[in-house]
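J.: Protein chains in written order, with this note's numbering: chain F, 25 to 212; chain B, 25 to 212; chain E, 25 to 212; chain Z, 25 to 212; chain G, 25 to 212; chain V, 25 to 212.
Just to be clear, a hint being listed does not mean it is correct.
All copies of an identical chain are treated as equivalent in the list; a pair is satisfied when it fits inside any one copy or across any two copies.
In silico lysine-lysine, DSS-like type, Cα no more than 27 Å apart, as pairs [claimed, not checked]:
#, residue 1, residue 2
1, 83, 130
2, 146, 83
3, 83, 147
4, 111, 209
5, 111, 83
6, 209, 83
7, 146, 111
8, 146, 209
9, 209, 147
10, 111, 147
Hints listed in this document are in silico derivations from the structure and should not be mistaken for laboratory results.
Number of protein chains: 6
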Amino acid sequence: MPIVELHVLEGYGPDEKRRLGEALTDAVRMVVPAAPEAITVMIHEMQEDDYYRGRSRRKPAPALPDPCELVRTYLEAMERRQIEAAKALLGDGFTMYFPGTGGMTKLEELLEWAAPRYRFVKKTYEGFDAAQTEGDASVVYCRGTLSGEWPDGTAFSGIRFVDRFEITDGRIVRQDVWNDIAETKAQA
Amino acid sequence: MPIVELHVLEGYGPDEKRRLGEALTDAVRMVVPAAPEAITVMIHEMQEDDYYRGRSRRKPAPALPDPCELVRTYLEAMERRQIEAAKALLGDGFTMYFPGTGGMTKLEELLEWAAPRYRFVKKTYEGFDAAQTEGDASVVYCRGTLSGEWPDGTAFSGIRFVDRFEITDGRIVRQDVWNDIAETKAQA
Amino acid sequence: MPIVELHVLEGYGPDEKRRLGEALTDAVRMVVPAAPEAITVMIHEMQEDDYYRGRSRRKPAPALPDPCELVRTYLEAMERRQIEAAKALLGDGFTMYFPGTGGMTKLEELLEWAAPRYRFVKKTYEGFDAAQTEGDASVVYCRGTLSGEWPDGTAFSGIRFVDRFEITDGRIVRQDVWNDIAETKAQA
Amino acid sequence: MPIVELHVLEGYGPDEKRRLGEALTDAVRMVVPAAPEAITVMIHEMQEDDYYRGRSRRKPAPALPDPCELVRTYLEAMERRQIEAAKALLGDGFTMYFPGTGGMTKLEELLEWAAPRYRFVKKTYEGFDAAQTEGDASVVYCRGTLSGEWPDGTAFSGIRFVDRFEITDGRIVRQDVWNDIAETKAQA
Amino acid sequence: MPIVELHVLEGYGPDEKRRLGEALTDAVRMVVPAAPEAITVMIHEMQEDDYYRGRSRRKPAPALPDPCELVRTYLEAMERRQIEAAKALLGDGFTMYFPGTGGMTKLEELLEWAAPRYRFVKKTYEGFDAAQTEGDASVVYCRGTLSGEWPDGTAFSGIRFVDRFEITDGRIVRQDVWNDIAETKAQA
Amino acid sequence: MPIVELHVLEGYGPDEKRRLGEALTDAVRMVVPAAPEAITVMIHEMQEDDYYRGRSRRKPAPALPDPCELVRTYLEAMERRQIEAAKALLGDGFTMYFPGTGGMTKLEELLEWAAPRYRFVKKTYEGFDAAQTEGDASVVYCRGTLSGEWPDGTAFSGIRFVDRFEITDGRIVRQDVWNDIAETKAQA
Numbered sequence: 025m026p027i028v029e030l031h032v033l034e035g036y037g038p039d040e041k042r043r044l045g046e047a048l049t050d051a052v053r054m055v056v057p058a059a060p061e062a063i064t065v066m067i068h069e070m071q072e073d074d075y076y077r078g079r080s081r082r083k084p085a086p087a088l089p090d091p092c093e094l095v096r097t098y099l100e101a102m103e104r105r106q107i108e109a110a111k112a113l114l115g116d117g118f119t120m121y122f123p124g125t126g127g128m129t130k131l132e133e134l135l136e137w138a139a140p141r142y143r144f145v146k147k148t149y150e151g152f153d154a155a156q157t158e159g160d161a162s163v164v165y166c167r168g169t170l171s172g173e174w175p176d177g178t179a180f181s182g183i184r185f186v187d188r189f190e191i192t193d194g195r196i197v198r199q200d201v202w203n204d205i206a207e208t209k210a211q212a
Numbered sequence: 025m026p027i028v029e030l031h032v033l034e035g036y037g038p039d040e041k042r043r044l045g046e047a048l049t050d051a052v053r054m055v056v057p058a059a060p061e062a063i064t065v066m067i068h069e070m071q072e073d074d075y076y077r078g079r080s081r082r083k084p085a086p087a088l089p090d091p092c093e094l095v096r097t098y099l100e101a102m103e104r105r106q107i108e109a110a111k112a113l114l115g116d117g118f119t120m121y122f123p124g125t126g127g128m129t130k131l132e133e134l135l136e137w138a139a140p141r142y143r144f145v146k147k148t149y150e151g152f153d154a155a156q157t158e159g160d161a162s163v164v165y166c167r168g169t170l171s172g173e174w175p176d177g178t179a180f181s182g183i184r185f186v187d188r189f190e191i192t193d194g195r196i197v198r199q200d201v202w203n204d205i206a207e208t209k210a211q212a
Numbered sequence: 025m026p027i028v029e030l031h032v033l034e035g036y037g038p039d040e041k042r043r044l045g046e047a048l049t050d051a052v053r054m055v056v057p058a059a060p061e062a063i064t065v066m067i068h069e070m071q072e073d074d075y076y077r078g079r080s081r082r083k084p085a086p087a088l089p090d091p092c093e094l095v096r097t098y099l100e101a102m103e104r105r106q107i108e109a110a111k112a113l114l115g116d117g118f119t120m121y122f123p124g125t126g127g128m129t130k131l132e133e134l135l136e137w138a139a140p141r142y143r144f145v146k147k148t149y150e151g152f153d154a155a156q157t158e159g160d161a162s163v164v165y166c167r168g169t170l171s172g173e174w175p176d177g178t179a180f181s182g183i184r185f186v187d188r189f190e191i192t193d194g195r196i197v198r199q200d201v202w203n204d205i206a207e208t209k210a211q212a
Numbered sequence: 025m026p027i028v029e030l031h032v033l034e035g036y037g038p039d040e041k042r043r044l045g046e047a048l049t050d051a052v053r054m055v056v057p058a059a060p061e062a063i064t065v066m067i068h069e070m071q072e073d074d075y076y077r078g079r080s081r082r083k084p085a086p087a088l089p090d091p092c093e094l095v096r097t098y099l100e101a102m103e104r105r106q107i108e109a110a111k112a113l114l115g116d117g118f119t120m121y122f123p124g125t126g127g128m129t130k131l132e133e134l135l136e137w138a139a140p141r142y143r144f145v146k147k148t149y150e151g152f153d154a155a156q157t158e159g160d161a162s163v164v165y166c167r168g169t170l171s172g173e174w175p176d177g178t179a180f181s182g183i184r185f186v187d188r189f190e191i192t193d194g195r196i197v198r199q200d201v202w203n204d205i206a207e208t209k210a211q212a
Numbered sequence: 025m026p027i028v029e030l031h032v033l034e035g036y037g038p039d040e041k042r043r044l045g046e047a048l049t050d051a052v053r054m055v056v057p058a059a060p061e062a063i064t065v066m067i068h069e070m071q072e073d074d075y076y077r078g079r080s081r082r083k084p085a086p087a088l089p090d091p092c093e094l095v096r097t098y099l100e101a102m103e104r105r106q107i108e109a110a111k112a113l114l115g116d117g118f119t120m121y122f123p124g125t126g127g128m129t130k131l132e133e134l135l136e137w138a139a140p141r142y143r144f145v146k147k148t149y150e151g152f153d154a155a156q157t158e159g160d161a162s163v164v165y166c167r168g169t170l171s172g173e174w175p176d177g178t179a180f181s182g183i184r185f186v187d188r189f190e191i192t193d194g195r196i197v198r199q200d201v202w203n204d205i206a207e208t209k210a211q212a
Numbered sequence: 025m026p027i028v029e030l031h032v033l034e035g036y037g038p039d040e041k042r043r044l045g046e047a048l049t050d051a052v053r054m055v056v057p058a059a060p061e062a063i064t065v066m067i068h069e070m071q072e073d074d075y076y077r078g079r080s081r082r083k084p085a086p087a088l089p090d091p092c093e094l095v096r097t098y099l100e101a102m103e104r105r106q107i108e109a110a111k112a113l114l115g116d117g118f119t120m121y122f123p124g125t126g127g128m129t130k131l132e133e134l135l136e137w138a139a140p141r142y143r144f145v146k147k148t149y150e151g152f153d154a155a156q157t158e159g160d161a162s163v164v165y166c167r168g169t170l171s172g173e174w175p176d177g178t179a180f181s182g183i184r185f186v187d188r189f190e191i192t193d194g195r196i197v198r199q200d201v202w203n204d205i206a207e208t209k210a211q212a
């Protein structure tokens, strides 16, 4: 049965409302085992002059970008070595952690670190999971397998990976990477 | 401003309502950059005789367990080698994937696999993230560091890990594990 | 999708709320071709001190009886010739119209009229239909077949009938009767 | 006091909303003896991108025709012997029952049956009552008096009738007719 | 927390809605000591064909003028001796009471009464307070200080005053005036 | 038509809800000229575990006292010279202004000031008006006539007065008094 009603200031587009409709449905389903068909979401948009908080009208804040899309865009830019495009998606204090590294704050550091490890690497995605933290950050996990070439030119593929991203104010502020590269090499 | 109203059949306890209140707040915040203080959730419980779908009354389904709590309970049981308690939390078709393994379906397989790798291992948690998939499964990620003893008795600690769990109908049906054990060994 | 919410003063019982839930569902379905499963009714009961009209609290009016039940009770009393019980269900100005009669206002008139026509008659119901008029009256139609004995003692059965009742303030104020008795006799 | 709120997908016209407003008011009045003035109906139209069931947007189904209007149109067509126009309003499995007939499925059968009974007949309406069944069918009763000419050319009038119609998916699927023609002839 | 929702027929402008938003916020705050920031007002405008009372559509009544603005306009007209403009704002039965006068019903009476008392007088406003009575009248109090010239041409200023106005149907029907003129003269 | 819905945390008593019902009705009527009978207020009380702001439950704040009652209690205490009881109703920074006085902060000052002016004074109330300011203060005006005895023992009566009170956090913080005492003496 659950019925969710969202009252929100006018100004969100169809895609943003779809994301709200899906996220609210999912939020209910994490607690209530209702079939999706039995969960209704209604979004009630309020015009600015129909809404008052503290006797004052408010402006709607622009929607945050879809965090999964943001991560996908970033990963594609990195895969193509479009470093400037990738940097544009990073927020202040961005830090990344790869297997065996400490925190790296510059994409150039990563490239340098990767150079002796593989000629190139491509991600095949198995899925994305997104969640909102208690704080301001959204979290995105993407997982799948890596393929590419070792420094000696031999190919590899099917190596499991998972990346975790924290996104604040529409920018990536943290990336954590785990994968089976070392395990694969150890078994080789 | 966003105000969320949830209409749901009576029968959920304070803790389950708190989970709903938090999940609905978080769902909104993934799209709308409102301060938490500006997001209100109201839960309207409906008595059974006040709600009709298709001219019929409905029974509320019991709440699903908190997936993070479920995972935490499972991981603690495994750490203490309480295999039966852990098994009770697994659903049909449970499969787990560890670095370098294919899918394993029995906890005993895991113990056998782990035996030559470490004497024991403990998890220190840095955080849990939970999300609902489009389907019936909830997903929980837990991450942190591993400590324990290698087979030769030397201690290790601070090895990053992340586990991903899929939970359906209140049971764990899949576990994926990534960590830096191989990387650590390779660097040693 | 349609979702109906009814706000009503506290004081109606489960059966009365079920009747409201069904009537509201049916009202929607007369216009919107939604599957019953897709129509939700929520009844929100208001306590007396939570509701103000014109700055004043109000008392809930006792529910009207189910008009179909009322008619059924009346017809059963008549069939058993429990005239006083039947009379107790009639309102001021009660008038009834049978095939070939003008308006009759007393049940005794009816008995007198029927005496030369049949020894007794029983109704087998095929169905009831109830509707609310624009005015205060509810209308109930009941239809089915008549069986009984003619004055000469021969049996009859399967004669179609339909009765229409108007009910105001929980009392029957008009009855119109149509049936195929004359047609049956003419064909005999 | 009762206040009814209907949430429905955008796409219904003023006349359809008026029918909903009236039907919902009437539904409440069949149970709660409130003065009409005290019953409020609010229709909240939802845009398609503001409504989600099972994470999906829905299309509004076109409104069903007003069943009383449909019946009136059918009866007028029949009175004018516009058989094709009348047929267009009939649904699959249409069956009609007149006094003394079994079920007839073709309008031509009816004309044949009526031919020896009257030259023509006209209906003067006293009222229509419409109700929704538990199933998909709406039911319409229309009642009044018949006038016309007997086969010998003599006129008749003032003969009571009632017709019951079942309408499914906007088409008439059943007609039941009762009247006092036989009674009138018997008394003549 | 308090959240106020107002459902009202479409037809009120932004300024009228702002007045509603403020008045509803203030109404809550007179009872509930919530910070203004914690009080939300949502105005839901209903189109005419989405609202039914007693099965009928209704027309929205034009908004009443802001009573404080009305009083301010009246007082300014009086100060400038624009008697006709002031009269246009008075309703039937208008009566005014000044210190030591009985009820006066014509503005000319007031001018005559004032003539021997001061050459002219100006109001400096410290504030307006408006309230709705249980009946149809709104009440406005305005207070501040008077300055002007005595009949002998000497100036005065800083004399406290308060005026109370009753406004019905957008017209002033009563004015009560208190001030310290007599006290000031007595002390002089 | 206007319908007001108030959602508020559970914890307010029947009298406090009546005050809310009246104040919300009055707030609407100051803008919309609807008959009181056409204005509905519904109060929806939320249990603490059904309401979340910023992911957190909230406690309802105790209701503010009825400001008119507070003023009436204060004025009665003053009339009976129950100074301590009156003081208990005053807030920090309390200041009062009487005709010809500057601001007085102690009730004893007032008594001293009054001593040479009248032996005693009683208030006959004609009415109270209450309003909420934009800020935290409620404002109450009470008006009527004064009666009592002059210092020489002669009686007076029928002298108009109006008092304005500001109340913050349930305590009186300011009193402004106007009356016709000086005018009356001047005319004597």
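J.: Check each numbered hint from earlier against the structure, then list the numbers of those it violates in ascending order.
T.: 1, 2, 3, 4, 5 and 6
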